[in-house]
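Enquirer: Protein chains in written order, with this note's numbering: chain A, 2 to 343; chain B, 9 to 563; chain C, 54 to 354.
Any given hint might turn out to be false.
Here are some of the chain A residues that sit facing chain B, going by a computed Cβ distance under 10 Å [stated by the list, open to error]:
hint : residue
1    : 36
2    : 56
3    : 305
By construction, these hints were calculated from the structure, which means they are not laboratory data.
As the structure is a prediction and not an experimental result, all values here were calculated from the model.
The C-beta atom is built at its ideal place from N, Cα and C for all residues, glycine as well.
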Amino acid sequence: MITRYILRRFAIGTVQLLLLVVAVFFLIRLLPADPVSRFVGLNSSAEAYAQAERNLGLDRPIMVQLGHYLGLLPSEGPGLLQGSLGTSWVTGSPVATEIAGALPVTIELLTFSFMVALLVSVPVGMLAALRPGGAADKGVFVYSLFAGSQPEFWWGLLFVYVFFFTLGWAPAPLGVMSPLTSAPETVTGFVTVDSILAGRWDVLGEVLHHYMLPVATMVFILSGPIIKMVRQNMVRALASDFVLYARCAGLPKGRVAMYALRAAMAPSVTLIGILYGFMLGGAVLIESVFSLGGLGQYAIRSVLAFDYPAIQGVILIITAISLLVYLALDLIHAAIDPRVAY
Amino acid sequence: MRSRVTLALAASGGLAFAGAAAAQDLLFLASDVPAGLNYDGPAAAIPTSQTGMVNVMEPLIDYAAAGTNDEGITTPEFGQFEGRLAESWSFDEASLTWTFNLRQGVTGCGGAEFTADDVLYTFERAKSVSGAAPIGWFLSNVGSIAGFTPDVFGEGADKSLGAEVAKIDDYTVTITQSEPNALFLPVLTIFGLYMFDKEGMEAQATEADPWSHDFTNNVGMASFGPYCVERWTKDDEIVLTANENYYRGAPAIKTVVMKRVPQSSNRVVILRTGQAQLVQGLTPREYDSLRDAAGIAVGGVAGNENLFVHMNFDTPPFDNPLVRQAIAHAIPTEQIIQNAYFGQATVWNGHVPSSYPGYHQPERQYPYDPEGAAALLAEAGYPGGAGLDAYADALQLSYVAEKETTLGPIVNAIATALRGLGMPVDLNPIPQTQYGDRQLVKRDLPFAVNDQEKPIGVDAGYASQLFFVSPESGGLNNMVNYRNPAFDGLWAEARVEADASVRDNLLAEMQDMLMEDVVWAPVVEYKTQWAFADGLKGLRWYPDNSVRFFDLSFE
Amino acid sequence: MADASLDDRAGAASTPRRRVDWLFWIGVGIVSTVTFLAAFGPVIAPYDPTLAMHPPSVPPPSPADWPGLWWGRLTGEIEAAPNWFGTDANGFDLFSRVISAPRVDLTIALAANALSLGLGIFLGLIAGYYRNVLTEGLMRVSDVLQSFPVFISAMILVALAGRSTLNIVIALALLYTPIYIRLTRSEVLTQRVRGYVEAARALGNPEIVIALRHVLPNSLAPALIQSSVTIGFAILLTAGLSFVGAGVRPPAPEWGLMISTGANQIILGEWWPSVFPGIAISLTVFGFAILGNALERRYEG
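Based on the provided sequences and hints, a complete structural model is requested.
Expert: See below:
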């Protein structure tokens, strides 16, 4: 039963991705930008322009370009079907390799941020829910409304000014480790994991130190919607019949709270998943402020340089991961909430 | 301020510092790491890529050093060449043939020895025009090397190297020109004709890619330069290690890490914490702020960088010389030097870098004079700007968006001044790529501020052919569509003029013409600057503005 | 920047009625101030916000000097208005720019929102009322649109189409329309089985009249409430686009652009060019969030 469900979701997801790829492919080509120009460089002759156009494959009919990109024309070289995202026009390296280098940073940033944000927000949200309308609840309510509507890049800059420039507590906003540190051997691509695997505890400490400010900025922004959501779900759970019954039955307070929490978490999980998928692309600005070199910065670079294969690759990967996360969360949701059936 | 930075060092540097930065290592921060090391590849026009190329490759000849300026920067002596991979050379005027005696015992990173075959390979590869941007071919063409004509681009054209570059023996090659051309030696100093190591390159060739473009675009380089590529992660860092067998002696700095730090303010911060020893590409404001910082030196040279206002002859109202003159007189040059360059610039009085051989300062100048500008505008038929609303699109002042921090104060000062004359001027920041396309290929930018045209061939004639000769007569980057048959005629004479003083007179006459016609409105020449740890010595300026790490050492 | 569509509306129902009206009035105060500035900001600004007429990078006067400066201004002793917020690296008066910015920011946000609201309600009504292959297709398309990473997509659209106000409005509208389609459609789905629809049908009203006259007005609320929140996020998105260089063109007075210009100076200790516009965005978006939340609670409760 569940296998069939997963398979169906995969099928739908693949179709959705395919549509998206084709849509993005045409969309960026419809827009009035001329990517050939940057390769002409010092030599502006018409011959050189034509040569550059040929090298990029832009002289071919658009359907042939699409066919090549999708991998339907194996004679022209590998495409999506063969697992290739194409070659970056700016660097000449495979887009897949470049994304594989940038993606782990974004995932680490998001994972740390969500972990910390949940650790902070769940207790706060619960506390607020215990006495709805109390002073603590009001304060939490205003805070969550405020934090949820802030320009994160500005807060990032403020944090840099205060914690790096003025107080000197944080390292300079330049990526996940000092430029002079030799990175641990790449195994997974995740620097934290790799440094643990290599036993490089000094590097691990340094990386975590560098993640401190970006994670703090992100936690501040994320805590708004998460607290609000936990609080609402908790209030609802506490007011529900089964908690009332548990109370009447004289169960210990802690036990009742655990029941309520479990009931409150199920809907929360889905929303956190959506938020995670959203932030894959939404971390762009924070990555930019702290020069983290993640997927978002890669996206900025690609967009501003009109690097079409890279743009297509970024959108494809972000969407694919979001879809996978949604699927995983639906499965978790089902595990937590016995009412859900497939 | 100082104590804060010390604190930051204690907090952040403490951890990172352990074990790093021996006296022989250098951390160099730039806006990017090389996106490619292949000068015929897609990344060749990017300055940071050129920095990679010039450090791992080697030219046949280069300019000799002139001396050191008062900021400690060594400058070149244009017009005096010294042998690098070529030990000596001679020219036979009758046959237009240059004979190069190559240096013996030169060993590259891969262990191969430099011979005539490497020279032949380099020109053969250039003539194959197989890369994304055939710069090797282009420079050979500019230097009038026989056979390097636009014909090679034709479908099925012969792209193989003929007798124009010939091997006499293992250490002697001849290169033949199609006509006398004073630009021959200057183009050989440019990165786009640096030598490859044939053996090392061919080891990386594949059937689909016989000229190893993929290898040099993405992986490394086979040449005879002072440094070898140790590790290269695009968008992150490139690590170069000294070529201990380098023929001019093993480099003093053994390891160079060139690290990408996109925001210039971040480069400032790391330099201040002492983690980096050299940074480039800061804004003038940032260089200025570092001048008083402890342990940091700022050095600069009045090289070949400048800023001008570009007005397109094909777009009204700029086809009217009075309008161009009015604009030239309205530019608040002093204000720009003080507010945007913090004094590190001087008024530009011509159309060619004043440091170049053949530069001439015309009589006619356009100093800041708002009243005069208003009068000229009225004379042009637009008193107080009346009637210019019809050209609102043309009056959008374009500039490269990525340079907002540096150019922002300048374009705003100019726009404010012109709006003071009643001209409806708006700003139009566009991405570098788009700017390049519209300037170079489409040539349809009506009105722009440009600070990135440094003619890489060090010669007033090269600059003229590049920027001012009409496109029909072979002008390559005539972004304003200036068409003056008299000017083209003078250049046709000067190009093949063998007598240097006659040539200089022709070039001077041409430069007077440019100023008379306000082809560009020259604004300032600004210093090329670096900020570095004050123990770092030996910085030398080259016309491509790329640092050679070989020149550097720590005190 | 959190997703505007994340509001768990079901949960909001249980929000107890509290005396937080002061908060509501703060929201109203902020939003009306911003609206007032959008209308009159450039008029009451002491200087033209796009003319570089001042020495660059001058810090704001210290708060202790403010009363004196005010008094001097009122009595006419000081002829030129002081640079209350200092000046930026271009020599612009920051105070004039901060108060002129709502005209740009709010206009973009309102226009994008109006466009997507109109389109979203129309399509949502059709998709909810007429359920057939076409409308199912519409929903799938809107699914695909909604799965685009919002910020990156907006960046692509604006960077490749050209940095103009119109392109920003279109990009934002395109990205926000699916939210309104979804909200309206689900409301229509619950309304169309209500008794009054049956009644209208029994009276012989044609379907189109029922849809437009009866179902539509009753299905507007969720979309309208959402729009207050969306306006706030549109302001954030506009500022974010400017920050990475894919937004409005300089020297337009726009908060994100001002922060971006000032970002490089923070490291030199010059905080004022980015801090004042930052406070302005922070408060404005907060104001819209408060208002949206208050409206939501009134509707639910």
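Enquirer: Give a verdict on every hint.
Expert: Comparing the hints with the structure gives:
1. 36: holds, 7 Å
2. 56: holds, 5 Å
3. 305: holds, 5 Å
Comparing the model with each earlier hint shows no violations; every hint is respected.
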